[in-house]
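*Asks:* Sequence:
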Amino acid sequence: MMKRMLRHPRNAKTALEKNAAHRFAATQALVCYPTDTVYTFIPKNACSTLRLSLAAANGCVAGPEDWTWIHPNNRTFSATLRELLTARFTFVILRCPHARLASVFLDKIVSKTTEFWDLYRLENDGLDEFRTTFRRFVATIEKPKNLRANIHWRPQEEFLVYERYDAYFQMERFGDAVPQIEQQGGIALIDARPLTRHGTERFDLVSDLCYADTPLAELAEMKRQGKAPAHAALYDDRLAARVARIYAADLALYSGLFGTPDLLFPAAAGHERR
1 MMKRMLRHPR NAKTALEKNA AHRFAATQAL VCYPTDTVYT FIPKNACSTL RLSLAAANGC
61 VAGPEDWTWI HPNNRTFSAT LRELLTARFT FVILRCPHAR LASVFLDKIV SKTTEFWDLY
121 RLENDGLDEF RTTFRRFVAT IEKPKNLRAN IHWRPQEEFL VYERYDAYFQ MERFGDAVPQ
181 IEQQGGIALI DARPLTRHGT ERFDLVSDLC YADTPLAELA EMKRQGKAPA HAALYDDRLA
241 ARVARIYAAD LALYSGLFGT PDLLFPAAAG HERR
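Residue numbers are given in full-length UniProt numbering: position 26 of the sequence shown equals residue 26, and the series is strictly consecutive.
For the record, the hints were derived by calculation from the structure and aren't laboratory data. Certain hints may be false.
As the list claims (entries may be wrong) - Below, in silico cross-link-like pairs of lysine-lysine (DSS-like), each with a Cα-Cα straight-line distance of 27 angstroms or less: (1) Lys112 <-> Lys13; (2) Lys3 <-> Lys112; (3) Lys112 <-> Lys223; (4) Lys18 <-> Lys145; (5) Lys18 <-> Lys143; (6) Lys143 <-> Lys112; (7) Lys18 <-> Lys3; (8) Lys13 <-> Lys3; (9) Lys112 <-> Lys145.
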């Protein structure tokens, strides 16, 4: 087992319980108690599958039939300092930042879930389904008061509690990660996608034009008809570059670990595959 080095404590000369960056990351670090495994929970990165599987491993749910238990229990398995430092195995799942943001938009904003209404209030009731587009959503969350206001679009690198994890996995190649998570992490994975229906797997994905400026109302109607824009179809070059600037640290983290082939816009990483 490698020595555990926490990422944030030495960056702030304050008591650890007052270190906001560490407190947030530690809250997102979830423990599988039977195997002393710590998993960092990042929304939109296979998080429902991992949280349901973790709840089953920890004896809190019997199986898929109890899947709704996970929603009010995001922090139930948050790690203590001792659990962080004595973990036997640690891992995190990362995702292309452009794809993650597109997924959040199509799931939470187009469907006007709680996340939409939270942002609506932050903008003083300034969003509506006939004017709000993906481009406007990006401009809205780019504001400093909004970027960290919701964990679904908060930068991924801020979730990391360790300087180094035992394993980093790609959302884009999640199937390749399953054996190691099950064998080393001791977590039997339960696929939550058919239960939560948060992804785009059930839609016919279309790329016939750029949907960056298509209003929410039209996108919602597409979803009712069983269609949705492919993630890349929500971007034009200007918008892809803007998101790359907003999530520059996430792009650097992802491409440094995995290279650029699985990014929606490989050139946005600013370097060729290593």
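*Asks:* Can you name, in rising order, the numbers of the hints this structure does not satisfy?
*Replies:* 1 and 2
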